[in-house]
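Asker: Adding 58 to a residue's 1-based position in the sequence shown gives its number in this note's numbering.
By construction, these hints were calculated from the structure, which means they are not laboratory data. Even for Gly, the Cβ is constructed at its ideal location relative to N, Cα and C. Since no wrong hints were added, every one of them can be taken at face value.
Keeping only pairs whose Cα atoms sit at most 30 Å apart, straight-line, the calculated DSS-like set for lysine-lysine is:
| # | residue 1 | residue 2 |
| --- | --- | --- |
| 1 | LYS438 | LYS156 |
| 2 | LYS441 | LYS324 |
| 3 | LYS284 | LYS212 |
| 4 | LYS229 | LYS139 |
| 5 | LYS284 | LYS139 |
| 6 | LYS155 | LYS112 |
| 7 | LYS411 | LYS156 |
| 8 | LYS324 | LYS438 |
| 9 | LYS105 | LYS438 |
| 10 | LYS105 | LYS335 |
| 11 | LYS112 | LYS210 |
| 12 | LYS411 | LYS112 |
| 13 | LYS413 | LYS139 |
| 14 | LYS112 | LYS167 |
| 15 | LYS413 | LYS441 |
| 16 | LYS155 | LYS413 |
| 17 | LYS212 | LYS167 |
| 18 | LYS112 | LYS156 |
| 19 | LYS112 | LYS139 |
| 20 | LYS376 | LYS438 |
| 21 | LYS376 | LYS335 |
| 22 | LYS212 | LYS229 |
| 23 | LYS155 | LYS411 |
| 24 | LYS284 | LYS167 |
| 25 | LYS229 | LYS105 |
| 26 | LYS112 | LYS163 |
| 27 | LYS112 | LYS438 |
| 28 | LYS335 | LYS438 |
| 29 | LYS155 | LYS139 |
| 30 | LYS156 | LYS212 |
| 31 | LYS163 | LYS212 |
| 32 | LYS167 | LYS139 |
| 33 | LYS441 | LYS376 |
| 34 | LYS212 | LYS155 |
| 35 | LYS155 | LYS210 |
| 36 | LYS156 | LYS413 |
Derived Cβ-Cβ restraints for the label pairs, each shown as a range:
| # | residue 1 | residue 2 | range |
| --- | --- | --- | --- |
| 37 | ALA71 | LYS155 | 15 to 25 Å |
| 38 | GLN435 | SER178 | 40 to 50 Å |
| 39 | ARG450 | GLN366 | 23 to 33 Å |
| 40 | LYS155 | LYS229 | 30 to 40 Å |
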Amino acid sequence: MPTKSSRVPGHAATIDAPGLHGFQGLASMIYHDDGITILAPGWEFEKQTEYLMKIFFAMMRHFVNTSTEELEAGAQMDECKSMNYLGARLYTGARVKKNRSRALKLWTKVSQIDLPRGASITSSDYTARSRARVKADAYAYLCAHHLRNYEKSKALLDLAQAFLCGEGAAKLGLFVAASHYTALAFYNLQKGAPVRIEDDVSIETKCSFNCTPENAPAFAIVLQCKTMLDGKLWADFSAPEEMEPVEYACSRAGCDETSAARADMKRCAGTCDVASKPSYCSQHCQALDWERHGMHCSRPTEADLTFQYTPLATNDSKLVDTSRLNSVDRARARDLASIDLWSHLGGDNPTPKEKAIREFIREIEETACGGPRSTGQFVKLVKNMSKTIPQRDLETLFKAGAPSVPV
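Given only the sequences and the hints, what does the whole structure look like? Please build it.
Answerer: Structure representation (structure tokens):
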């Protein structure tokens, strides 16, 4: 059971989650987009969706192509990449027993390797570039660790440690989400808050941070991290952000009602197509619009509310009841249940790699559901999908069916 402190909110909070969920959170903190597209020509997704997909496929390659035993053997031979990857598994407890102390020692050791003079992650020389990258990655892992400590403790010394590690990576040309959120935390610490003065008319800005003698050494450390404090460097960084707010409008012609909250607009509960499903500000507007919309819609039957689904990488069908879902989520559930990865990954005669991919997908699915995918967990998974992936991207993914797997 997680401790109370692990539930403290923050950008790095997910690295405290157990297993693959924590590994995915750590991966999102240190992932560096190399700009290589993973999508076929003509496919377009929101930036956040593509970011999540790249992390997912990077994780798949990591777990499918390399066993923990192989990483252990590599770490014994001081192979830096193996030490970084093994540290990530140990830190989160993904397929191994969690051992954060050892993970931190491995990353620290890699962060101390010597590099050719002037080496960076963009060096023309392959050896220099590769060694700079593994060293920068180690700094990034450590930055994420100290950032999470700061989010829980609010101690400036923890933030200073995150800055030092982020600076180490940034000097080598690597600036990741952990670096971005570390710089953002320092900015928010100094950010002035509007405070009314005595005449109650003017407003002055007052900094919420008070640098006490106790905090001065840590503050001095932060100020030495010139690369991390470069405003352009972190302001231009494309960190994973929340989706932009959308304004929703009533679908009845002639009604001008709008709302920034989806819950204020009630979507049609019928069997009409999700892509063109109307939303209404009131039952009155829905009744007035029925003459137009009724020809495209009908009340859902019992057969519409229940159907068979198969957990993504298995061949075991289960019955799911979607009566508690709204019509959009119900259609999304049916689309998700129709994806046949079992056949796509070799059916009854999979290759060893296809077996490994199935195992990884099963773990990911159980991580997302909070355990083996029961009916209730499947319903919860479907309801939560649109919180991280825009509706348009979900529709594109479901229309595509089983994806190709770039491993």
